[in-house]
Amino acid sequence: QQKVQQSPESLSVPEGGMASLNCTSSDRNFQYFWWYRQHSGEGPKALMSIFSDGDKKEGRFTAHLNKASLHVSLHIRDSQPSDSALYFCAALSGGSNAKLTFGKGTKLSVKS
Amino acid sequence: EAAVTQSPRNKVAVTGGKVTLSCNQTNNHNNMYWYRQDTGHGLRLIHYSYGAGSTEKGDIPDGYKASRPSQENFSLILELATPSQTSVYFCASGWVNQDTQYFGPGTRLLVL
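Line by line, the protein sequences are chains B and Y. Note that the working numbering has the first sequence beginning at 21, numbered continuously upward. Note that the working numbering has the second sequence beginning at 499, numbered continuously upward.
Isolated chain B (complex conformation):
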C-alpha cells in the first residue's frame, strides 16, 4: 500500500482561482511533511515544509497539517499559469535512518 496518497490525480483551475491539493499518510511515524513542485522537464523543488499541526502560510501558498488524521493539504490562492506543474507530497518519520517517502503527485493545470 502506498504510504503517502495524494488526491486528486489531476486538477484544473481557472487563473485567479483557488487550488486545493490533498495528501494522506498511512504511517503514524511520519512527523515531517513537505510539498515539492516539479515543472515539466525540471527536477522537483521544495515549496514548503510543515512540521506542526495547523496552518503555515508563505505568500499565495498555505499548507495545513492535522497529525491526528495524518492529513496534509496545500492551498494555492490566486493561481497563476506558472503554477501549472506536478505537486508532490513527501513525508519523513523521525529517527536517524528515516527516508523521505513521496506520493505519486497531483498534476495541476491553471487555465488562463
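Since the hints were derived computationally from the structure, they do not count as laboratory data. Nothing here was measured: the structure is a model prediction, and the numbers come from that model. Treat the hints with caution; some may be incorrect.
Taking lysine-lysine and the BS3-like style, the derived pairs with C-alpha atoms no more than 25 Å apart in a straight line are [to be verified]: (1) B/Lys119 to B/Lys65; (2) Y/Lys555 to B/Lys124; (3) B/Lys76 to B/Lys65; (4) B/Lys76 to B/Lys119; (5) B/Lys65 to Y/Lys516; (6) Y/Lys563 to B/Lys119; (7) B/Lys77 to Y/Lys555; (8) Y/Lys516 to B/Lys23; (9) Y/Lys555 to B/Lys65.
Here chain B is said to cover these stretches of chain Y; the calculated rule only asks that three of the stretch's residues, wherever they fall, bring their Cβ under 8 Å from a Cβ of chain B [as the list claims (entries may be wrong)]: (10) 534-547; (11) 592-606.
Where a beta carbon is used, it is the ideal one built from N, C-alpha and C, also for glycine.
With chain B fixed as given, assemble chain Y onto it according to the hints.
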C-alpha cells in the same frame, strides 16, 4: 540556491551494458540521494549516502549500485542494464534527513 548537476542529461544504453550516472553538488551537503521517477509511481528512492565513502540501500536498490567517492560526487551504476530501468533519474542533496532536499535536473535513460 543549492546547486546540483547531473550528467549525462540523456542516455541511450543497450540491454546488458553498463551505465554510470553522475551527480555533483557544490553545497557541501552531507546527504545525497538517487531517485527514479516513473509515471504512476512518483519518486522512488534507490540509494543514498550520508557522506564520502558511505552508501545505503533505499526502497528499490535491486539492479543498482552507488558510489560516493567524495563529499561532492555521487554516482549510480547499472552493471547490467535492463529495459525495466528505462526511467528518469534524479539526484538530490541535503544537510540531514530532516532537511529540504535539492534536486538536480534529471537524467533521462532509455535502455533498448
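Review point. Hey, lysine 555 of chain Y versus lysine 124 of chain B, does the alpha-carbon distance stay inside 25 Å?
Key: Roughly 21 Å separates the two Cα atoms, so the pair holds.
**Study point:** Given pair status - lysine 23 of chain B, lysine 516 of chain Y, alpha carbons within 25 Å
**Key:** violated, 33 Å
Check your understanding: If you look at each residue in the segment 592-606 of chain Y, do at least three have a Cβ nearer than 8 Å to any Cβ of chain B?
Key -> It holds, with 9 qualifying residues against the three required.
Practice item. Check whether three or more residues of the segment 534-547 of chain Y sit with their beta carbon closer than 8 Å to a beta carbon of chain B. Key: The restraint on the segment 534-547 of chain Y holds, since 7 of its residues have a Cβ under 8 Å from chain B and three suffice.
Review point. Does the structure keep lysine 76 of chain B and lysine 119 of chain B at a Cα separation of 25 Å or less?
Key: holds, 23 Å
**Study point:** Restraint status (C-alpha distance of lysine 563 of chain Y to lysine 119 of chain B at most 25 Å)
**Key:** Satisfied, since the Cα-Cα distance of roughly 18 Å is no more than 25 Å.
Check your understanding: CA of lysine 555 of chain Y to CA of lysine 65 of chain B, is that 25 Å or under?
Key -> At roughly 23 Å apart (the allowed maximum being 25 Å), lysine 65 of chain B and lysine 555 of chain Y satisfy the hint.
Review point. Regarding the pair lysine 119 of chain B and lysine 65 of chain B, is the alpha-carbon distance no greater than 25 Å?
Key: holds, 17 Å
Review point. Is the hinted pair lysine 77 of chain B and lysine 555 of chain Y satisfied, with a Cα-Cα distance of at most 25 Å?
Key: violated, 35 Å
Exercise for review: Quickly compare the C-alpha distance for lysine 76 of chain B and lysine 65 of chain B to 25 Å and report which way the hint goes.
Suggested key: At roughly 18 Å apart (the allowed maximum being 25 Å), lysine 65 of chain B and lysine 76 of chain B satisfy the hint.
Review point. Within a Cα-Cα threshold of 25 Å, do lysine 65 of chain B and lysine 516 of chain Y meet the stated pairing?
Key: Violated, at about 30 Å.
Checked against the numbered hints given earlier, this structure breaks hints 5, 7, 8; the rest are met.
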